[in-house]
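Trainee: First to last, the sequence lines map onto chains A and B. With the first letter of the first sequence counted as 1, position 514 gets the number 735 in our numbering; the numbers rise by one all the way through. With the first letter of the second sequence counted as 1, position 52 gets the number 77 in our numbering; the numbers rise by one all the way through.
Worth flagging that the hints you see were computed from the coordinates, not collected in a lab. Keep in mind the model is a prediction, meaning the values are calculated, not measured. Heads up, some of the hints might be wrong.
Stated by the list, open to error - If the Cβ cut is set under 10 Å, some of the chain B residues that face chain A in the computed set are: (1) 167; (2) 168; (3) 293.
To be verified - Partial list, computed: chain A residues near chain B (C-beta under 10 Å): (4) 391; (5) 543; (6) 546; (7) 552; (8) 600; (9) 601; (10) 654; (11) 669; (12) 675.
To be verified - Label-pair restraints from in silico Cβ distances: (13) B:326 / A:455: 37 to 45 Å; (14) B:145 / A:460: 22 to 30 Å; (15) A:324 / B:326: 38 to 46 Å; (16) A:583 / B:171: 37 to 45 Å.
Every residue gets a Cβ at the ideal spot worked out from N, C-alpha and C, and that includes glycine.
Letter by letter, the chains look like this.
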Amino acid sequence: MSESPKSGNESGSDAVKALSNDLDANIKWLSGELGTEPDIVIRRFQVLRNKRAALVYISDISNDASINTLMMSMLDEGLKPVADEYEEEPLQALMLRSITVGAIRQLNSLDHVLLAILEGCSVILLDGFATVIAADTGGSEKRGVEEPSSQTVVRGPKEGFTESVRTNTALIRAKIKSADLRMEYKRIGKRTQTTVVVVYIRGIAEEKTIQEVNRRLDLIDTDSILESGYIEEFIQDKTFTPFPLFQNTERPDAVAAGLLEGQFAIIVDGTPFVLLAPVTFIKFFQSSEDYYQRYDIASFLRLIRLSSFLISMLLPSLYIAITTFHQEMLPTSLLISLAAQREGVPFPALIEAMLMELTFEILREAGVRMPRIIGSAISIVGALVLGQSAVQAGLVSAAMVIVVSFTAIASFVIPSVNMGSAARLIRFAMMFLAGTFGLFGIMAGLMIILAHMSGLRSFGVSYLTPLSPLVPGNLKDVFVRVPWWAMKKRPSMYGGEPTTRQGSGKQSAENQGNNSQEGKRDR
Amino acid sequence: MMERISLNQLGSMIVLFLIGSSPLFLLASEAGKDAWLSVFIGMLCGLALLWGVNLVLYRYEPDMHLFEIIMKYLGKPAGYLVSVCYVLYFCYKSIRNVREFGDLSLIYLLPQTPLAAVMLLICVTAGLSILGGVAVFFRMAEFTIPIVIVIYALLFLLMAGTGLLNLENIMPVLDEGIKPVWDAAFPETVSFPFGELVLFLMFWKYADNRNAVTAIAVKCYLISGLFITLTNLLIVAGMGKLAPVVSVPLMQLTSSIEAARVLERIDPLVALLLFTGVMFKLTSYYLGAVLGIRYLMKLSNKTAILLAGGIIFGGSFLFRNYMEHIWFGFRYNLKYHFPLFQIVFPIMLVMIVAFKNRLAAKEHAE
């Protein structure tokens, strides 16, 4: 790994404290700062025959094997004869001859040394030098690369990001082997010093956007970043909106695809959820699988997802509006059976729907929060409160149970959880509007949402692109996904030049295949 | 940096605005079975107005909206007076649409809801739509227009497909000569809906591609003009002599659509479709008024929206009922008041602008 976290001015101290020449003074200062906890190791030894030196590291976050190798090689150095030219430059000698770790840095200030130790580096102090060598021996307990728990696919890569930023960048590098892939490291959070990486592809992502995200990230002044959600809320264009302005994903292939379309990614150490932006509304309905499956079924599923979003947002309110205000829209026989069902129900449709929707939301939250081991209890109890028993008890009508259940199922179709929650929140406002103003209320509500969405921007990209503003060239991947060979140009909506994805001319093997067959027949 | 709207957005808004509330009425009903011809003539007159007056003003002053032009060429007292009149005119047009919207909601959708509540929701929705400024509102139009067009097309196909149209109702053409057709066309159909494009003097300057504004404006004007003519034709063909009697003929016509036992009572949906047009129209006028108020009184966007919204909401109680509202509109406004703002005044303004510009050019040459 060539990228090592830059330790610039992030430590935040105004006056940079320099190291002293005296080894004992330096060690004294470090042990004063770090305390005398058992995981802090200060190991004194001698190198280059008679030079006093010390190795400082935190054992819990370091890799034992690499420290052992390092120690061994440096102790060996103490025994070997020293070439004369190295007498004057012992530090150079150490670096050139005996440090077995690849990534090393020379540090001058005490704060940086402290930070390096806290990151997991081993710091080699040499008596008589105000410069130390920090060798990256970091390595703490990590979870292996597993299948992501959200955004699962039937066909496609099964690997998911982990909590380690190094693993995550490695997964992306493994997908895009291009020198243009850029990763800019930052440290955010005064206490947590969390590593945050901005990833983009030079030449595809728009430069202005990258500058803007760097500017916004530098403006964050907080003591802790524990998850990418923190970053998201700090730098999104607009806070008061139910719609997500960042895409988050656990899938390296989704990030790679986003980068290749001109988005940038933000990886935050400590979470497998990577942010992608700029983002448009339609992006939340694209699953990675759309691009691995055949285009026809992918397009069909895309349409199913979009309609599910509408159903999830509007179905309960449509039911309320039609049964309360516009009964004439229903076929007579359906109307009679609905009326018969509702006869015993004590509440108006709005209250009935609100009750059922809230019940479902509670069930859903319970399902997420409770321990897995008692999971089966919720399905038994859930079927009672949201099913036939509720109808038999005379609390709700059977039609309402169906409406609420269908809405619930539809809300799970949306591939992105945060867009699903937008639909959930809007649903309640819509139900209220439908209960008071019927279809007209729903229309007014949709109008307000449209006005709101038209005004939304994610890093300068209008949320409804490519529908409004209309970008005809980008419509190939909105409602339908055209075959890969037909998507010659990269979508231009995330800024940057609409560069070419593949050569022009007939790319479809079908055409080539037919030609060669015809050729055979002629012969 | 000033907000910019693309040509596509401008065109969408022109179409939505012109369609607006016009399918609600049987335009030029005095012309009987030749009403569609009146509408067509009205469209041509409107085109002359758009081409010869409205866009000429734009070409003289592409960086200014109506109020800036008025203030520049008429000076402080006179210009201020005219500007205030225009603000009131925009508000009044918006009021009429709010009232139409509100009353029709009561008739077709919400018989038991108080009118004030419905109109309040309309005003709030309109206010929220323009809160984001001109560009956001025009983007909404761009998003909405494909949906509106597809639904209208389906609706017309259903009408034709279920055998509702009867060509005997419009034949023979020009049975009573051209006179009644012309009488019905001028000035009524010119001032509603075609002359209403005077409002777009407020919006031309936001266009991002100046050279193409004229072309796109005329193109979209023709599309919507032909659409309105077609609607009119369908109404007359479908309903015959009944058409002028019914309050909203198109709704009456759609309620007789029956197809496959599924699409039987789609009139609430059609009502929503019509309302989408009305909504965009009233919001455009609202926006025009807000831009005017902001310019004349140097108010912030939010204050101007609240002020204009207050005027529009309060003003929508001017009429005692829908019938009075329609009667007053068609009897007086269309004949005497609106042409003043749509025809007389813009022509005077364009003459003044042309004259002063020529004078300036001459002085410059000397």
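Trainee: Next, verify each hint and record whether it holds.
Mentor: How the hints compare with the structure:
Among the interface hints, the one on residue 167 of chain B holds; its C-beta lies about 4 Å from the nearest C-beta in chain A, closer than the 10 Å criterion. Restraint check, residue 168 of chain B versus chain A: the minimum CB separation of about 4 Å is within 10 Å; hint holds. The closest approach between the C-beta of residue 293 of chain B and any C-beta of chain A is roughly 5 Å, which is under the 10 Å cut-off, so the hint is satisfied. Residue-level restraint check for residue 391 of chain A is violated (minimum Cβ-Cβ distance to chain B is 41 Å; threshold 10 Å).
The beta carbon of residue 543 of chain A is positioned within 10 Å of a beta carbon in chain B (closest approach about 8 Å), and the interface hint is therefore held. Taken as an interface hint, residue 546 of chain A checks out: its beta carbon lies about 6 Å from the nearest beta carbon of chain B, inside 10 Å. Taking 10 Å as the C-beta cut-off, the interface hint given for residue 552 of chain A holds, the closest approach to chain B being about 7 Å. The beta carbon of residue 600 of chain A comes no nearer than 36 Å to any beta carbon in chain B, farther than 10 Å, and the hint placing it at the interface is violated.
Checking residue 601 of chain A against chain B by beta carbon gives a least distance of about 39 Å; that is not within 10 Å, so the hint is violated. The interface hint given for residue 654 of chain A holds, since its Cβ lies 8 Å from the closest Cβ of chain B, which is under the 10 Å cut-off. For residue 669 of chain A, the shortest C-beta to C-beta distance to chain B is roughly 5 Å, which falls under 10 Å, so the interface hint holds. Proximity of residue 675 of chain A to chain B holds as hinted, the smallest CB-CB distance being about 4 Å (cut-off 10 Å).
Separated by about 27 Å at the C-beta atoms, residue 326 of chain B and residue 455 of chain A break the suggested range of 37 to 45 Å. The given range of 22 to 30 Å is respected by residue 145 of chain B and residue 460 of chain A, whose C-beta atoms sit roughly 28 Å from each other. Checked against the hint of 38 to 46 Å, the pair residue 324 of chain A and residue 326 of chain B fails, with Cβ atoms roughly 54 Å apart. Remark: the range hint 37 to 45 Å for residue 583 of chain A to residue 171 of chain B is upheld by a beta-carbon distance near 39 Å.
Violated hints for the displayed structure, listed by number in ascending order: 4, 8, 9, 13 and 15.
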